[in-house]
Amino acid sequence: MAHDPKHEPREFHVEEDKGLTWFERLYVPAIIRGLAVTARHFFGNLFGDRDTNPDVVYRKGTLGNAVSTVQYPEEKIPYPVGYRGLHRLVPREDGKPRCVACYMCATVCPAQCIYIEAGEYSDDPIEKYPTRFVIDELRCVVCGLCVEACPKDAIRMDTFTHTPPEYSREGFIYPVERLLKGPAVAYPSDPWVKRESSAQPHQHVPFHGLAEHSTEPVPPKPKHPVGTVHPTQPRFQESDFQKPVALPRQK
Amino acid sequence: MRAALMTAVIVGVLALLFVLVGAFYWLAAFLGVVSASLFGPGSEFIGMAVANMVTLVLVLVMVVASLLTVAERKWSSMMQDRIGPNRARLAIIPGLKNRSLGGIPHFLADGIKMLTKEDFIPAQASRFLYSLAPMMAFGPVFILFAIVPIAPEIPASAIPGIAGIAASFGTTATFPVSLTVAPNLDIGLLYAFAMAGLAVYGAALAGWASNNKLALLGGIRAASQMISYEIALGLSLVGCMMAYGSLQLEEMTEAQTGNLFGGLLPAWGIFLQPLGFLLFFAAAFAETKRAPFDAPEGESEVIGYFVEYSGMRFGMFMISEFVEIVVLSGLVTAVFLGGYHLPVPPAWGLEASIASTFGVFGLALFQGLTFLIKTAILIWLQLLIRWSMIRIRYDQIQTLGWKILLPLALANIVVTGVLILVDPSLNALGVLGIIVLALLIGITVLYRAPAKPASIRFAGQPAATPVATGHGH
Numbered sequence: 076m077a078h079d080p081k082h083e084p085r086e087f088h089v090e091e092d093k094g095l096t097w098f099e100r101l102y103v104p105a106i107i108r109g110l111a112v113t114a115r116h117f118f119g120n121l122f123g124d125r126d127t128n129p130d131v132v133y134r135k136g137t138l139g140n141a142v143s144t145v146q147y148p149e150e151k152i153p154y155p156v157g158y159r160g161l162h163r164l165v166p167r168e169d170g171k172p173r174c175v176a177c178y179m180c181a182t183v184c185p186a187q188c189i190y191i192e193a194g195e196y197s198d199d200p201i202e203k204y205p206t207r208f209v210i211d212e213l214r215c216v217v218c219g220l221c222v223e224a225c226p227k228d229a230i231r232m233d234t235f236t237h238t239p240p241e242y243s244r245e246g247f248i249y250p251v252e253r254l255l256k257g258p259a260v261a262y263p264s265d266p267w268v269k270r271e272s273s274a275q276p277h278q279h280v281p282f283h284g285l286a287e288h289s290t291e292p293v294p295p296k297p298k299h300p301v302g303t304v305h306p307t308q309p310r311f312q313e314s315d316f317q318k319p320v321a322l323p324r325q326k
Numbered sequence: 002m003r004a005a006l007m008t009a010v011i012v013g014v015l016a017l018l019f020v021l022v023g024a025f026y027w028l029a030a031f032l033g034v035v036s037a038s039l040f041g042p043g044s045e046f047i048g049m050a051v052a053n054m055v056t057l058v059l060v061l062v063m064v065v066a067s068l069l070t071v072a073e074r075k076w077s078s079m080m081q082d083r084i085g086p087n088r089a090r091l092a093i094i095p096g097l098k099n100r101s102l103g104g105i106p107h108f109l110a111d112g113i114k115m116l117t118k119e120d121f122i123p124a125q126a127s128r129f130l131y132s133l134a135p136m137m138a139f140g141p142v143f144i145l146f147a148i149v150p151i152a153p154e155i156p157a158s159a160i161p162g163i164a165g166i167a168a169s170f171g172t173t174a175t176f177p178v179s180l181t182v183a184p185n186l187d188i189g190l191l192y193a194f195a196m197a198g199l200a201v202y203g204a205a206l207a208g209w210a211s212n213n214k215l216a217l218l219g220g221i222r223a224a225s226q227m228i229s230y231e232i233a234l235g236l237s238l239v240g241c242m243m244a245y246g247s248l249q250l251e252e253m254t255e256a257q258t259g260n261l262f263g264g265l266l267p268a269w270g271i272f273l274q275p276l277g278f279l280l281f282f283a284a285a286f287a288e289t290k291r292a293p294f295d296a297p298e299g300e301s302e303v304i305g306y307f308v309e310y311s312g313m314r315f316g317m318f319m320i321s322e323f324v325e326i327v328v329l330s331g332l333v334t335a336v337f338l339g340g341y342h343l344p345v346p347p348a349w350g351l352e353a354s355i356a357s358t359f360g361v362f363g364l365a366l367f368q369g370l371t372f373l374i375k376t377a378i379l380i381w382l383q384l385l386i387r388w389s390m391i392r393i394r395y396d397q398i399q400t401l402g403w404k405i406l407l408p409l410a411l412a413n414i415v416v417t418g419v420l421i422l423v424d425p426s427l428n429a430l431g432v433l434g435i436i437v438l439a440l441l442i443g444i445t446v447l448y449r450a451p452a453k454p455a456s457i458r459f460a461g462q463p464a465a466t467p468v469a470t471g472h473g474h
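If you read the protein sequences in the order shown, they are chains B and V. Adding 75 to a residue's 1-based position in the first sequence gives its number in the working numbering. Adding 1 to a residue's 1-based position in the second sequence gives its number in the working numbering.
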């Protein structure tokens, strides 16, 4: 066969199969060694205490207990910052939702799981509010686009909980009453903060001391370690979102 | 914390077993007295057999086998660094609502599930054989347990309270009591081989009667596996039969009370016949159809001979497998591990001092407990093997049975025979056994395999010597 200069002869290494060594052919000592390994695990896990700390991934108990299982409902691994949990509607200081019924979230939602009906305050010619704000948590794909779309920071997914189980599909349809959770949030730019009275449009008077309008240097935000929950982050349980016993069915 | 709890649990279980052995003795002697008063003196064996059948087979073996269904899962979880079953709760008992109790309630849940599931019979199955097969698997393993001596034979008068009861029944407490269903069976081990061979009918019939190709494959695998191990099973014990000069399990147990090397070691079968022990254990393991010899029910290849079975019919196959484990452990204990004798050489006089302190009955209780502990350790060893070794390929099982175990068993018989002929005091046999054991342990502990040269060439590494060159593509 003529030598093809394009294809240099390649070396390849073939290892001869030497078969089993005498030790491997004895078979029983190797089995006993394997049994010793298994037995070590057994006794370590039998007599040792399990490490139940969910904050570390590499859990090591006492006396060689190597069980790293997390007993989920009782022990929970903290979710990372930015984890998208169950929705909530953020309240403002008077307890109403911050939502202004702009339909941005309902429009952007790829699963079309948000249903909004807008209403008007009788004493406020400008602001709208949702007379109904319903999320079907079974249809939600937890993409977080509603949170991105919201111009008023009115919907968040920072609850760090899952949708709690229900016995019926109706139970997964969350009205405002079940969504409105957490501490009140206010921003200097909130119109209802800028106006003295919610009845009248406001002349732009800066609030004293608010960072947005202040000339003083802004103090740096206190840092908190990565992986831990921010101190101002409200903590929720699944039970916070469970269906109230006597919730009126919405038609 | 957990170590203390586990130690307390183990001690508690041992105390419970200790009391149970006493209760079993007492019940056997009591029913013996009753039957003697009913059918006349000399018929005590009827009552004792009934009592032993109930206590040993139905209570001890059945409960241990049911608990083994949980223990297997729990122990395997510990061997695999998992938590294991712990979600079944005895919530109806106050105070136990949030207690997993080590997963033990799971066997109750299993039992309820087995009993309430649909009992399905395939339309094309052979109904009679299909129903017969689980019983054929279930029965022989229990019958096999009849000859296993759990505790020694003691006079009934040594058991507290029995002499008075016998007097009130108008009989005398002079008969011997032993915790064996069929005590002093002369054919002993031959009976064991015969009954162990019967167990194959269950698997083979189940495979055939299900009218399912996979079940049939499993049944055929079971049948041929059993055949290839039956001979090694029998031959591996011939050495022990020659050394002890008996087939009777009680006599074999008693023959192991000798001293080796002037009281350094008890004359246990495992020291006299280490090769026989390994061969018998391997062959009996194959008989139980469990990993690594679980080709008949290899879940990932053929689902097994019981693929069509459901409900309690399947449960009978499963329970019989666990009963086989218990019975095999009992047999090995009786033949190779000194039976119910305490694990110290008799020359140390431990048993004699216990007998002089607590009496014959007290010694019998300790000995019964010893037997149960040895059996439990062997059961645990079988589970350890199950989770340490992978399933052996089907032809490898046949190779192991016919080409390795059988010739080794034959060689073992010849060597044992010659050594017994040369030295009837068994010391020569003991020396050989200790040498074999020391070699085995020494190789296991000390041997280090030489490091193999790396066969993969990385960048920057000098090329290995080419043994072939070519124009590669």
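FYI, nobody ran anything at the bench for these hints, they're computed from the structure. From a predicted model like this one, the values you see are computed outputs, not experimental measurements. Heads up, the beta-carbon is just placed ideally off N, CA and C, and yes, glycines get one too. Please note that the accuracy of each hint is not assured.
Between beta-carbon pairs, the in silico distance windows are [said to hold, decoys possible]:
{"no.": "1", "chain 1": "B", "residue 1": "L138", "chain 2": "V", "residue 2": "L351", "range": "30 to 38 Å"}
{"no.": "2", "chain 1": "V", "residue 1": "R90", "chain 2": "B", "residue 2": "A114", "range": "42 to 50 Å"}
{"no.": "3", "chain 1": "B", "residue 1": "V89", "chain 2": "V", "residue 2": "I374", "range": "50 to 58 Å"}
Residues of chain V clear of chain B, computed beta-carbon distances all greater than 12 Å [what the hints assert, rightly or not]:
{"no.": "4", "residue": "L6"}
{"no.": "5", "residue": "L18"}
{"no.": "6", "residue": "V60"}
{"no.": "7", "residue": "V64"}
{"no.": "8", "residue": "R128"}
{"no.": "9", "residue": "L279"}
{"no.": "10", "residue": "L385"}
{"no.": "11", "residue": "R394"}
{"no.": "12", "residue": "V419"}
{"no.": "13", "residue": "I435"}
{"no.": "14", "residue": "I436"}
{"no.": "15", "residue": "I442"}
{"no.": "16", "residue": "A450"}
{"no.": "17", "residue": "P451"}
- prompt: What are the numbers of the hints the structure violates, in ascending order?
  reply: Going through the list in order, the structure violates hints 2, 4, 9, 10, 15, 16 and 17 and respects the others.
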